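Asks: Below are the chains, spelled out letter by letter.
Number of protein chains: 2
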Amino acid sequence: MKKVKLSKIAETLPAAVPFVGPETQERQRGSAFTARLGANENIFGPSPSVIETMADAARDTWMYGDPESYDLKAALAKHHGITPDCIVVGEGIDGLLGYLVRLVIDPGDAVVTSAGAYPTFNYHVNGFAGVLHSVPYRNDSEDPTALVDKAREVGAKLVYLANPDNPMGSWHRAGTIQAMIDALPDGTLLVLDEAYIETAPDDAAPQFDTTDPRVIRMRTFSKAYGMAGARVGYAICTPDLATAFNKVRNHFGMCRVSQAGALAALQDQPYLAEVKGKIATSRDRLADIARANGLTPLPSGTNFVTMDCGADGDFARKVLAALVDQGLFVRMPFVAPQDRCIRVSCGPEAEMDKFSDALPQALRTSREQG
Amino acid sequence: MKKVKLSKIAETLPAAVPFVGPETQERQRGSAFTARLGANENIFGPSPSVIETMADAARDTWMYGDPESYDLKAALAKHHGITPDCIVVGEGIDGLLGYLVRLVIDPGDAVVTSAGAYPTFNYHVNGFAGVLHSVPYRNDSEDPTALVDKAREVGAKLVYLANPDNPMGSWHRAGTIQAMIDALPDGTLLVLDEAYIETAPDDAAPQFDTTDPRVIRMRTFSKAYGMAGARVGYAICTPDLATAFNKVRNHFGMCRVSQAGALAALQDQPYLAEVKGKIATSRDRLADIARANGLTPLPSGTNFVTMDCGADGDFARKVLAALVDQGLFVRMPFVAPQDRCIRVSCGPEAEMDKFSDALPQALRTSREQG
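Just so you know, the sequences run in chain order Y and L. Residue numbers for the first sequence follow my numbering, beginning at 91 and rising by one. Residue numbers for the second sequence follow my numbering, beginning at 91 and rising by one.
In case anyone wonders, no lab produced these hints; they're calculated from the structure. Among the clues, some could well be false.
In this list, chains with the same sequence are indistinguishable; a pair is considered to hold if it fits within one copy or across any two.
Capping the alpha-carbon separation at 30 Å, the derived lysine-lysine pairs in DSS-like fashion look like this [stated by the list, open to error]:
1. K444 / K368
2. K240 / K98
3. K240 / K92
4. K366 / K444
5. K93 / K240
6. K168 / K366
7. K168 / K93
8. K240 / K95
9. K408 / K444
10. K92 / K168
11. K168 / K368
In this text, all values refer to a predicted model and were calculated from it rather than measured experimentally.
Only chain Y is shown next, with the shape it has when bound in the complex (with noise of 0.2 Å):
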């Protein structure tokens, strides 16, 4: 009985995840987290509309979804001033990453990315046997310059960039996309990731151009829509790369349920309206609750905020695990110098002081141990 070979590209990877969740955690410390703040899902939740719109639409679960989307396709391209056809929804921005790697990659293709940026971008890129080539982060933002000319260097079919940042918080405005957009060598696509664009100052994000093949945006309604755990994302590029999803994706991969939730979300602006500013002033808080402490919050276009502990990596990692051993939940950039910091999601308030309450602790035990 002889077992299957797998893939030659499947034989080399390892049998990785990108991140561990934190249910995994909390079955292997035997308890529950008290705060969730290391995902940045968004804790302020969906819009009621949404949740009831979700329940709703339970009852419709024995139908398969749209796999066009095509209510919501409609609705974001209203959203947004562009056509339906310039706009993929897939299963969150991970699975529409995927799709993209997949569409442009071949086995020892060049891309660019930023070393301590997106584990998912770089696990789908390894997924295809991409060659993945990074620049350094400077002053703890991405970039944009360094990776054009490594893109350039490279010849790579592929650069991420992700504005807002992720780990880091930090952003780009949009003349400095742009410039960097109108810099891309030919034949380079920017794989500009918009997850947190919401939560950003309003001179971070571009005017969309559908018309400009040197730029697929990737959007989510994870973030400030607070549906994580709905798979819902899309990308918007030229309706020709549109159209080459069709050629891979899983048509009938979208939940019905999260279809219609996320509609529901995108109708309801001025619930996302309220959110961006409670996040605004939780992250007013995190900052806060940052320098009382002796730490520096990082300006954060996001709806996290970025605390450099003054010390290198090994002293960060201590406080976090001193953090996550009080039973909160929370990550860190792994990539020096950037894992000198922590990463906090913004939440409530109940959510805050407990932050607030174990970072004090948290911080002794990490300098007890020297």
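Put chain L on the given structure of chain Y with help from the hints.
Replies: Only chain L this time, still in chain Y's reference frame:
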């Protein structure tokens, strides 16, 4: 502004849709279907406890789902008398088939299926540049002997068989399936699609043997459990192969609401038994309607009945079109000679009445067209 070049495989692929969804047809028709009998969705729907659980879980949709689907796997393991490490939970069987093909198939690798079997499997094989070989149905059933012979002849890495079969509704007994597994050439993996197994006779499923590396079995909550829109499928195989899915799967791809719903569905086995009874009644009713109109219903181990229209594919396509014209969503096999049939999903009496009312006129129209 040069656009990015697609990968070698993607360049060759059509931007094709394995199935046109009913919503697309409704938009083209300009009116909604009055009965949705074409996708073998379970119109009886999921357990009330599923709907209630999903509605409750909607409040938690701000959280990502557990990337390990730990609770669902634990419950499935208990239900099937196996261990959780033999189970892969994924975004429907469609999603799992895609991951499997990606894990195993290098460009040019041989794959065997039946001509006219599940198109989405073929979509994935084409999508990873596998080479499809097919054998014909035999007496409207997939032909295990011919499939194995062809697999040996072409050195196939994967051979696909659905038991029960879609689109014909036919099934094999467990002994036939086990004999097929035992006859597989070395290094060939049987993809045993058991999407419809819950509605098949009890002797259709072989015992689970998760030490056997020659077979992977695919199950779903989309059919008997009535949750097509939730996208929850699972594969049962060796722990070794199950672990390999972690190389390529979208780790955070499962909807949290769907995970909760599937767990609730599994826990309500009395409801499943009730629905199986209703499906059996509906199969009988569909067979009666077919016979009353001079068609021959084929035996079915599924939640649909395939009906021989007694002539060729052109005639059956006319009947289908006439039913669609009357507002009924129905599909049909697309390869001769199976395309002499139409395929109608089971459902409550109201839906059966609509089909009963529409069929005579559809046949009249089709016969008049000659």
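Asks: When no copy is named, should K408 and K444 be tagged within, between, both, or neither for a Cα gap of at most 30 Å?
Replies: within (18 Å within a copy, 67 Å between copies)
Asks: State whether the alpha carbon distance between K168 and K368 is at most 30 Å within one copy, between copies, both, or neither.
Replies: Close inside one copy (26 Å), not across copies (44 Å); limit 30 Å.
Asks: Please sort K240 with K92 into within, between, both or neither, judging by C-alpha distance up to 30 Å.
Replies: between (45 Å within a copy, 18 Å between copies)
Asks: How do K366 and K444 come out at 30 Å by Cα distance, when the copy is not named: within, between, both, or neither?
Replies: Answer is within; shortest intra-copy Cα gap is 21 Å, inter-copy 50 Å.
Asks: Which holds for K168 with K93 at a C-alpha limit of 30 Å: within a copy, between copies, both or neither?
Replies: between (51 Å within a copy, 26 Å between copies)
Asks: State whether the alpha carbon distance between K93 and K240 is at most 30 Å within one copy, between copies, both, or neither.
Replies: For K93 and K240, the Cα distance is within 30 Å only across copies (18 Å; inside one copy 42 Å).
Asks: Could you figure out if K240 and K98 sit no more than 30 Å apart (CA to CA) within one copy, between two copies, both or neither?
Replies: both (28 Å within a copy, 24 Å between copies)
Asks: I want to check one pair: K240 and K95. Are their C-alpha atoms no more than 30 Å apart within a copy, between two copies, both, or neither?
Replies: between (36 Å within a copy, 19 Å between copies)
Asks: What label fits K92 with K168 when the C-alpha limit is 30 Å: within, between, both, or neither?
Replies: between (55 Å within a copy, 28 Å between copies)
Asks: Reference check for the pair K168 and K366, CA-CA at most 30 Å: within, between, both, or neither?
Replies: Within one copy only: 21 Å inside, 44 Å across.
Asks: What label fits K444 with K368 when the C-alpha limit is 30 Å: within, between, both, or neither?
Replies: Within one copy only: 17 Å inside, 52 Å across.
Of the numbered hints listed earlier, not one is contradicted by the structure.
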